[in-house]
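> Read off the chains here:
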Amino acid sequence: MAEALSYLTIAWLDPWLLFLTAAGTFAGIYVGAIPGLSVTMATSILISFTFKWEVNDALALIAGIFVGGVYGGARTAILLNIPGAPSAIATAIEGYPMAKRGEAGEAIGLTTVMSVFGGFVGIVALALFAPLISSFALMFQSRDYLLLGLIGILLVGTLSGESFAKGVFAGALGVLIGMIGLDPMTAEGRFTFGSITLMGGIPYVAAMIGFFGVAEALVQLHNLHLPAIKQKVDRIIPHISDVKRYFALAMRASGIGTIIGALPGTGGDIAALLAYDHAKRSTRKPEVPFGEGCKEGLVAPEAANNAAVGGAFIPMLTLGIPGDAVTAVIIGALFIHGLKPGPLLLTDTPHLFWFTVGSLTLANVFLLVFGLTGIKVFTKIVECPKAILIPLIIVLSAVGTYAIQNDPAHIYWMLLFGVIGYFMKTYGFQVGPVILGVILGPMMDENYRRAMIGARHDVGTFLWEMVANPITLFLTIAFLAMLASQTPLWQRLRASLRKHRGERERE
Amino acid sequence: MSAKPVRHPGELVFALVLVVFSVAALWQAYEISGFSGLTSAGVFPMLAAGTMVLAALCILVRTAAKARPDGASGPESLRFFREVLAPLHLTVIGLILLYLLAIPWLGFTVSSGLFLFACFALLWRRNLLVSLLLTAVSLGAIYVIFRVVFQVVLPQGTLLRGLF
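Those protein sequences? They're chains A and B, same order as listed.
The opening residue of the first sequence carries number 1 in my numbering; numbering runs sequentially from there.
The opening residue of the second sequence carries number 1 in my numbering; numbering runs sequentially from there.
Careful, some of the hints might be misleading.
[Said to hold, decoys possible] Residues on chain B that point at chain A, a partial pick, calculated with CB under 10 Å:
#1 Val17
#2 Val20
#3 Phe44
Note that these hints are calculated values from the structure, not bench results.
Computed from a prediction, not measured in an experiment: that's the story for all the values here.
Ideal placement from N, C-alpha and C gives every residue a C-beta, glycine not left out.
Model the full structure from these sequences, guided by the hints.
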């Protein structure tokens with residue numbers, strides 16, 4: 001315990017780490033707030049710049065960016081009605097009407113306090129449950145990891161995209177990209193076409209920066225001439241009575257956020273929408289109707305999306321399975337630093353775990369400080385024209401991709417993935433599942449083969465083992481239920497049920 | 001009729017390309033090790049590519065069922081180059097390609113400067129002097145942050161070796 005505490009406080013006592021976390025949080029708020037810049041984009045570019053650093057330094061900076069970025073989206077959502085990040089969509093629904101009434105400052109203050117509150121709930125959950133889950137995860141077998149990977153990709157594909165088929169396609173494409181190169185088990189070339197460059201595999205940082213950086217920059221070219229809207233901001237510090245009144249709701253929303261964040265494949269955006277929905281259902285008599293600037297609708301999604309940050313670290317650090325797109329990128333960073341997130345991370349490198357908890361906590365404290373100050377400067381910076389932003393994103397993407405291995409070939413990959421990602425985004429595909437697939441693909445391949453070898457190359461035994469163990473059975477059922485809920489069969493069943501019920505009601 | 005989703009220009013072609021690409025990927029995955037065993041190198045790629053084929057077929061069917069955009073003028077190919085791959089997009093992608101090709105020759109600093117200037121001039125359409133100034137400021141900021149703070153080794157060009 002004392003040991004854990006000493007690791008926990010590393011980031012708080014070292015001035016350099018303190019500075020990095022603060023800088024990360026500060027930068028994260030702006031990155032999250034400026035529409036067109038996303039946390040995922042920032043973390044993927046940052047990874048390549050920080051890979052020569054000490055692990056702690058890099059982690060402190062990334063933790064700050066993550067926490068700040070998830071929160072930052074709320075500010076533009078309130079001030080400009082443009083969610084700076086997908087996790088702030090619900091915030092825009094309630095926040096912008098408040099700003100139009102001249103209550104922008106109050107809305108920002110309330111979201112800041114609730115975000116910080118949610119963030120702490122998520123971190124406490126991380127500190128409490130990660131050690132438990134990680135000792136539990138030691139019992140997980142190869143087939144369980146295979147199922148967890150599949151569930152993760154399916155979840156991110158179903159919940160965030162336009163259609164299930166598109167999500168599945170994107171996930172499978174990612175897995176395929178992850179397969180390129182020499183097979184780690186047999187050293188056979190896969191999709192290498194005899195090329196030596198391809199034998200090394202596709203650098204996943206190039207894929208990440210391409211999909212999240214260049215593709216997004218190309219999409220943003222469509223909104224080049226959107227005019228900036230100006231808002232008046234005054235009182236920022238929220239009323240104590242408000243904080244008290246929404247405490248219970250914020251607590252429940254944080255719970256939702258933590259759990260959703262902890263599920264592999266789902267992150268802050270889904271957590272925020274679910275919490276918003278919960279607030280809508282559970283608030284009997286809102287002061288202001290929902291959709292017209294209701295504070296309940298502002299508190300719930302903001303508490304939830306920041307709680308999801310701590311939640312998302314749970315499966316990443318204990319199982320090696322990312323909770324959402326940002327943690328998928330952070331896993332990439334840990335790989336680069338030679339670390340292997342998984343059940344052994346907590347026993348082998350406990351300092352790393354407690355350090356992460358510590359720097360997340362610290363980032364949350366800085367969030368409170370930066371969140372309640374500097375709004376005036378903020379409104380100026382966010383109005384930065386896209387015409388300046390887009391070329392800068394591209395230059396940063398290029399140098400970021402190059403920096404990772406000093407290989408010019410990687411920047412061509414980046415451009416290729418960027419163009420592919422642009423088309424995918426245009427036609428309603430999500431690029432998140434692709435990256436999850438790239439990260440999880442090799443892991444799933446390895447675990448599938450181990451499980452199959454364990455089943456003595458017999459499909460019957462393999463399938464039997466999928467239901468023979470309580471943990472595996474649970475995961476199999478979850479996987480099948482998710483699959484079934486998305487196929488036409490289920491929809492037809494539900495439609496007929498509804499028809500049936502409607503007939504009965506008429507009688 | 002508003003319930004029926006409208007097809008974007010080029011969406012059907014894109015769905016077709018996905019099917020063709022997935023089938024090619026499945027064929028290539030089969031080439032890795034065929035059906036030689038349940039744990040050979042090619043099994044998982046084949047599973048992934050097979051999933052892609054199924055998903056791509058679903059996407060193709062659904063896209064084909066979408067309504068043709070009505071009220072739109074001109075043939076679809078023309079609208080594709082106006083709405084999806086507009087001249088602006090093509091120009092920017094072309095500039096990026098030129099930029100990436102130039103990095104090994106001119107080095108990072110010079111090529112980024114040229115790229116930024118070209119983009120600012122193209123997208124911002126202000127005074128050229130302002131664009132030039134902006135280029136200098138952003139390049140300076142990038143250099144200080146990445147070369148000095150992050151200590152990234154920025155690529156140097158073969159033509160101007162040692163200069164930048």
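> Check each numbered hint against the structure and report the violated ones by number, ascending.
2
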